[in-house]
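Please arrange chains B, C and D with the ligands on chain A, whose structure you already have, making use of the hints.
One-letter residues, chain by chain:
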Amino acid sequence: MTVLEQRGAYRPTPPPAWQPRTDPAPLLPDAEPYRVFGTERADAADPELLRRLYAELVKGRRYNAQATALTKQGRLAVYPSSTGQEACEVAAALVLEERDWLFPSYRDTLAVVARGVDPVETLTLLRGDWHTGYDPHEHRVAPLSTPLATQLPHAVGLAHAARLKGDDVVALAMVGDGGTSEGDFHEALNFAAVWRAPVVFLVQNNGFAISVPLAKQTAAPSLAHKAVGYGMPGRLVDGNDAAAVHEVLADAVRHARAGGGPTLVEAITYRVEAHTNADDATRYRGDAEVETWKGHDPVALLERELTRRGLLDDDRAAAVRRDAEAMAADLRARMNRDPVLDPMDLFDHVYAEPTPQLLEQREQLRAELAAEAESVAGPGTGSEAGGTQR
Amino acid sequence: MTVLEQRGAYRPTPPPAWQPRTDPAPLLPDAEPYRVFGTERADAADPELLRRLYAELVKGRRYNAQATALTKQGRLAVYPSSTGQEACEVAAALVLEERDWLFPSYRDTLAVVARGVDPVETLTLLRGDWHTGYDPHEHRVAPLSTPLATQLPHAVGLAHAARLKGDDVVALAMVGDGGTSEGDFHEALNFAAVWRAPVVFLVQNNGFAISVPLAKQTAAPSLAHKAVGYGMPGRLVDGNDAAAVHEVLADAVRHARAGGGPTLVEAITYRVEAHTNADDATRYRGDAEVETWKGHDPVALLERELTRRGLLDDDRAAAVRRDAEAMAADLRARMNRDPVLDPMDLFDHVYAEPTPQLLEQREQLRAELAAEAESVAGPGTGSEAGGTQR
Amino acid sequence: MTTVAAKPATMAQALTRALRDAMAEDPSVHVMGEDVGTLGGVFRITDGLAEEFGDDRCTDTPLAEAGILGTAVGMAMYGLRPVVEMQFDAFAYPAFEQLASHVAKMRNRTRGRMPLPLTLRIPYGGGIGGVEHHSDSSEAYYMATPGLHVVTPATVPDAYGLLRAAIASDDPVVLLEPKRLYWSKDSWDPERPTAVEPLGRAVVRRSGRSATLITYGPSVPVCMEAAEAARVEGWDLEVVDLRSLVPFDDETVCASVRRTGRAVVVHESGGFGGPGGEIAARVTERCFHHLEAPVLRVAGFDLPYPPPMLERHHLPGVDRILDAVGRLQWEAES
Amino acid sequence: MTTVAAKPATMAQALTRALRDAMAEDPSVHVMGEDVGTLGGVFRITDGLAEEFGDDRCTDTPLAEAGILGTAVGMAMYGLRPVVEMQFDAFAYPAFEQLASHVAKMRNRTRGRMPLPLTLRIPYGGGIGGVEHHSDSSEAYYMATPGLHVVTPATVPDAYGLLRAAIASDDPVVLLEPKRLYWSKDSWDPERPTAVEPLGRAVVRRSGRSATLITYGPSVPVCMEAAEAARVEGWDLEVVDLRSLVPFDDETVCASVRRTGRAVVVHESGGFGGPGGEIAARVTERCFHHLEAPVLRVAGFDLPYPPPMLERHHLPGVDRILDAVGRLQWEAES
Ligand SMILES: Cc1ncc(C[n+]2csc(CCOP(=O)(O)OP(=O)(O)O)c2C)c(N)n1
Ligand SMILES: Cc1ncc(C[n+]2csc(CCOP(=O)(O)OP(=O)(O)O)c2C)c(N)n1
Ligand SMILES: [Mg+2]
Ligand SMILES: [Mg+2]
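Protein chains in written order, with our numbering: chain A, 299 to 688; chain B, 299 to 688; chain C, 1137 to 1470; chain D, 1137 to 1470.
Okay, chain A solo, but in the shape it has when bound (with noise of 0.2 Å):
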């Protein structure tokens, strides 16, 4: 091939397009995170949905309080509080009809509860006496995921065997700013934008992964602008505001259910407790934040808006504290039981059916656990090794 032959052979045009190109500007977030109180949107929100809010928020704010009181009492081993987040936890649990799925990640119990699961079997895994406590069949409410960003491919997943069964199911999954990070994050949203598959993913983005704020985690725009290297929507939105985040996962949970493919919302947030109540939270950041932030509390914020509109009087806000109190008080009573337990079930969930080998170990720990009750109402034998064969 010389170059006499080569030339006027080529045409210096561009190279051939790898796929149709979408257009990137739909995809981008807004500059300002959407809201909807202190707008002009405010008088058009529905104010049923509005009130049903408001009772879950209080409610959930009385949740948080009560199980990081259990904390202290011993009750619970550790409590991740959303308090300062109930608008993204309720929002996220009231916007699913019945036949979709949650995908909690490990602070967001108060989801899994919004969404209809026992607060007892909801807490089952931070008191400690099994794993996951509820069903997740029974409400469509993926187990609390400690390993973070992990639920999100198999909130994808799920959602994309529904679809494929021809089912009209949406998974909603949940994610901290920290959790962004992850690889599986990534992977899954690639998966999801891919598949078209109907997910909703949520970023609550509380400004900390434990004491690492946001500025050590990403250098982007926004958590939401991420979404365009995925080629699906972002969208930023005042996570404080419990009308605006509502709409915005109602828009992008009508928008997966029409066949539209995922979204990814960023509720911009804050944590107002510490990490857990294991946390020592001055130790990275000043009361002045905290301070900011509980001036632009979820709760007040609707609360005020409520009464702007004349929808919450007085006895109304004292039925929805009744019964937040009366749930709290429930709570109380039954996590302060202590639970039953059967060592036995150690062996009974690891397969389908217990290995030779796990029905060994079964027998072991029930001759130990034999030789123990023996050797405690056993006449003062005394010794530690009450069970050795010598």
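If you are wondering where the hints come from, they were derived from the structure by calculation, not from laboratory data.
Be aware that one or more of the hints could be misleading.
Pairs of lysine to aspartate or glutamate residues, derived as EDC-like cross-links and limited to a Cα-Cα distance of at most 16 Å, are as follows [to be verified]:
1. K370/A x D578/A
2. K370/B x D578/B
3. K463/A x D1162/C
4. K1143/C x E1387/C
5. K463/B x D1162/D
6. K370/B x D611/B
7. K1143/D x D1325/D
8. K370/A x D643/A
9. K463/A x D1191/C
10. K463/B x D1192/D
11. K463/A x D1192/C
12. K1143/D x E1327/D
13. K592/B x E571/B
14. K1143/C x E1361/C
15. K1143/D x E1421/D
16. K592/A x D611/A
17. K370/B x E571/B
18. K463/B x D1191/D
What the simulated footprint calls covered on chain D by chain B, stretch by stretch (three residues with Cβ under 8 Å from a Cβ of chain B suffice, anywhere in the stretch; the number is not a length) [said to hold, decoys possible]:
19. 1245-1257
20. 1442-1456
Now the in silico label distances, taken between C-beta atoms and shown as ranges [as the list claims (entries may be wrong)]:
21. R581/A x E338/B: 32 to 40 Å
22. E651/A x R1345/D: 21 to 29 Å
23. D1306/C x L667/A: 26 to 34 Å
24. E396/A x E1387/C: 47 to 55 Å
25. Q371/B x E1364/C: 17 to 25 Å
26. E1333/D x Q662/A: 35 to 43 Å
Think of the CB as a built atom: it goes at the ideal place given N, C-alpha and C, for glycine as much as any other residue.
For chains B, C and D with the ligands alone, kept in the frame of chain A given last:
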């Protein structure tokens, strides 16, 4: 806290922002890939650079052909050819200073060679006498990375380390379109942006990951659009326009060197050969597509451009081809010699000092080899089990 | 072990047939992975499935192993039976967190309410001249992860049977497919495939009375060869093919060792921390007083898998096995 | 083992001190991980380091374990000595590919030209009432990965010594830190820290002649307690603390077992496919004719780590150890 107490206490202000919001606009790639040839920019391209690129492209094309031929002769176990992608391979190598580092993917042996590494040492991995055949520190070229995208965080860490040490070093990391789906891609780009590490990510979008076309890999407007989600600029370039690739990469390297942080460059190109010699590309793509792309061949494009500008006469072209042939002849000759192997090498590079266990195993193999040699040399023992001690 | 009216078939063909039969019988079976659709997989195990069952039943995924396994978990949650192909052993590592923290634990975490009927197919082992990262034997990782079944075929009929049983299982099963046996042939009639045996049963491939070779997967043919060669030395070796590493068939293995009084565990995976330790330890625990010699191990060396030109020195071969048999303290007998 | 003029210090303090001393001595030592900077780590092991050495020497990374380890690999390539903290055992799994395919192999892949002096600190094990995924014992995975050193301290001085030795090593070292011993105290003078011993040495923690307990990490104190309790039964138990799983100190272990003739391996990690198999197998291979009974294993059960309220049933305790000692066929002696 009653409703009335709350009244007026909360302003529905937007939530405090989590970090200064940067403008996404400058991060977004242009809608069309950047090109030089056939545009008004063409005349400004540096003649010396074009000639140098040309010499390397021709050599690269020849190198790919020679390496493919070596697989047919059984001298290489496998060869993933970069035929059709030479502009990217060569530009990636030429754009770096000596002190910079290159992080190649498994397909990028050509970039490694163009950076100055001995072709035989580069092909060691594919010949199978050892893994990495060259000293990564000598030419500042990381080992060819087989596990996809795993080299990207390495590049980020190295660039970050160099900056911490005050060294003026840029790392350029190469990855394929398929590799962008991996979690490691995501994590690497995020770290790079957060750390403002001097790294350039070059995605060679050649349309396929083995048999999987881009449309099954991503739904994004372009792979370069992924940059926005990390807060780094994304650039789209015609990967077969050597001058364009060189220019875009050079800009990105300059930007990184000046402390501006990472850039993601997507080069649109095509894998003209099958995935490797072991692959049958007719299973997943038609001839027409291949032919279209052959009409946009990087070597021919550059050749035509040189000719247009009167920078390449037949003598010069012949000289370039002679050089390429000489390289190929040398490679052929040297690859046709059997490499000298020492099985004892197996034990020497697992740890700085072999563990006692490895020393035992080394001794075992030495004894086995001695017995083997003896049984071969010895007078007709014939026994397969010559080494047993019975 | 093999059917009667049989023509030769390869292990690859048996695996393909198992997938096809499972998909035809049960519409909830979905195959997914890199290049499994149009291409039929780099080893052609899924050849023809996308064509026959459509892209939705046999899906080319994006290139992201954690994403593949993670979405498969979600699909299994919704009642499908995903069969995931990993392209090579070392490329399953990116999915390790999904495997260890979810796949293996989901049933347990949910007290049995959310089982995951999921099959993870991993081509493993060396001997095919692969470049680095293409020849790992990673079974030790999976064995040490409770909640997974781990099985590996050594014969053509077992490839079919184990894959069918894996797909039928209501628990996650890691099926380790010995790469270098993909093209091994056996008389097996694809039109009358063998019945599906339950997981967890070892099989005596060759009876003998001098000593037992305990092995699995790619090392089974090597052990059979070694047993043949050993006859010259006067040893009559029994060969036990474990087939299932989890659950482990103590009964079959120990019955053999009690009979022979001597045993060598053979596998290609690295010795230290490899499966052989577990096997030798549990055989010794159970058969101590029947043992004339310690249970020995012949395994790959404790190093990253070697480059192709050196792999023959690494892989346990006939000589190394016979060396070990020779060290089983035969003098103790006489 | 402990220094003379000593005041009580916790293992956590010793680890912090080791990091500080290493960083002070060698500017190429960099600490990185989630929350290691401002917060000082969730276990406070890196407390004060960012303040003393700056954010560039002790860095809060984004939340992405593969990214953390992968960038650390790059930093080590450039001559730094990264010390990576994983927050909990199970959260190291996302980094598994980087660990197995690069960290463990880089020296080997490059024929020794690109060693990776990198320390990976992983808090491991249970007994602290952690929710799921916070109590895994993952040492089997690391032991089965040639190219890694794997060490774990059981005492305060060893925590200091092993971490210093790990950082000083030119090879990657996985340092498994027993979470529930973080707050264990020992008389150890942080102002006169113990000398750095080479990696790979086991130590006899308690001499005895009846049988050997072979153990490491969190199970060492349990074995010491068991040995005390065993005196009532008339057994004088020797306790060997392995400290290093890779390399393995066959010499010390076998010397002990040859002396006592009986051994029990004790660890918290699951039994099947766990470290105990390797240990029992290699001890048996080397000491067969000295053994009065098979080497037994006391380990966690073969299940996902249990919820906090049930973990005491899972963890090997004094009774279970003594049960095993009781099964060491004492009648054989008399
Ligand atoms: C894979 C993984 N790595 C680390 C952790 C430990 N961890 C638990 S919560 C947390 C911070 C999470 O931050 P973010 O995602 O922002 O959620 P938030 O706590 O703010 O709700 C970390 C690092 C984990 N659970 N999983
Ligand atoms: C982690 C990992 N998964 C899978 C593979 C197997 N594999 C090798 S090349 C390849 C396709 C790569 O496609 P792309 O990234 O587009 O690069 P290209 O081959 O086009 O250069 C695959 C799947 C691998 N090497 N590493
Ligand atoms: Mg957060
Ligand atoms: Mg490609």
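Going through the hints against the structure:
Among the hinted pairs, K370/A with D578/A is consistent with the structure: their alpha-carbon atoms are about 15 Å apart, no more than 16 Å. The suggested pairing of K370/B with D578/B holds, with an alpha-carbon distance near 15 Å, which does not exceed 16 Å. In summary, the hint linking K463/A to D1162/C is supported, as the alpha carbons are separated by about 13 Å, within the 16 Å threshold. Of the supplied pair hints, the one linking K1143/C and E1387/C is violated, its CA atoms being roughly 33 Å apart against a limit of 16 Å.
With a CA separation close to 13 Å, the supplied pair K463/B and D1162/D stays within the 16 Å bound. In summary, the hint linking K370/B to D611/B is not supported, as the alpha carbons are separated by about 34 Å, beyond the 16 Å threshold. Among the hinted pairs, K1143/D with D1325/D is consistent with the structure: their alpha-carbon atoms are about 5 Å apart, no more than 16 Å. Proximity of K370/A to D643/A is assessed by CA-CA distance (about 28 Å); at most 16 Å being required, the pair is judged violated.
Between the alpha carbons of K463/A and D1191/C the distance comes to roughly 14 Å, so the proposed pair stays at or under 16 Å and holds. Between K463/B and D1192/D the CA atoms are separated by roughly 10 Å; this keeps the pair inside 16 Å, and the hint holds. A threshold of 16 Å between alpha carbons decides the hint, and for K463/A with D1192/C the separation of about 10 Å falls inside it, so the pair holds. Restraint check for K1143/D and E1327/D: satisfied, since their Cα atoms lie roughly 10 Å apart, inside the 16 Å limit.
Straight-line distance between C-alpha atoms of K592/B and E571/B comes to about 11 Å, which keeps the hinted pair within the 16 Å bound. Using a Cα cut-off of 16 Å, the hinted pair K1143/C and E1361/C is violated, with the two alpha carbons roughly 23 Å apart. Restraint check for K1143/D and E1421/D: not satisfied, since their Cα atoms lie roughly 43 Å apart, outside the 16 Å limit. A hinted pair counts as satisfied when its Cα atoms are at most 16 Å apart, and K592/A with D611/A does not qualify at roughly 23 Å.
In summary, the hint linking K370/B to E571/B is supported, as the alpha carbons are separated by about 14 Å, within the 16 Å threshold. Restraint check: the Cα-Cα separation between K463/B and D1191/D comes to about 14 Å, which is no more than 16 Å; the hinted pair holds. Under the rule that three or more residues need a Cβ within less than 8 Å of chain B, the assignment of the stretch 1245-1257 of chain D holds, with 7 such residues. Counting residues of the stretch 1442-1456 of chain D whose beta-carbon sits less than 8 Å from any beta-carbon of chain B gives 0, not enough to reach three: the coverage restraint is violated.
Checked against the given bound of 32 to 40 Å, the beta carbons of R581/A and E338/B, roughly 58 Å apart, lie outside it. With their beta carbons about 44 Å apart, E651/A and R1345/D fall outside the hinted range of 21 to 29 Å. For D1306/C and L667/A, the Cβ-Cβ distance of about 29 Å falls inside the hinted range of 26 to 34 Å, so the restraint holds. Distance hint for E396/A and E1387/C: a CB-CB separation of about 49 Å, consistent with the stated range 47 to 55 Å.
Our hint of 17 to 25 Å for Q371/B and E1364/C is violated, since their Cβ atoms are close to 35 Å apart. Look at E1333/D against Q662/A: about 37 Å separates their beta carbons, and that is inside 35 to 43 Å.
Checked against the numbered hints listed earlier, the structure breaks hints 4, 6, 8, 14, 15, 16, 20, 21, 22, 25; every other hint is satisfied.
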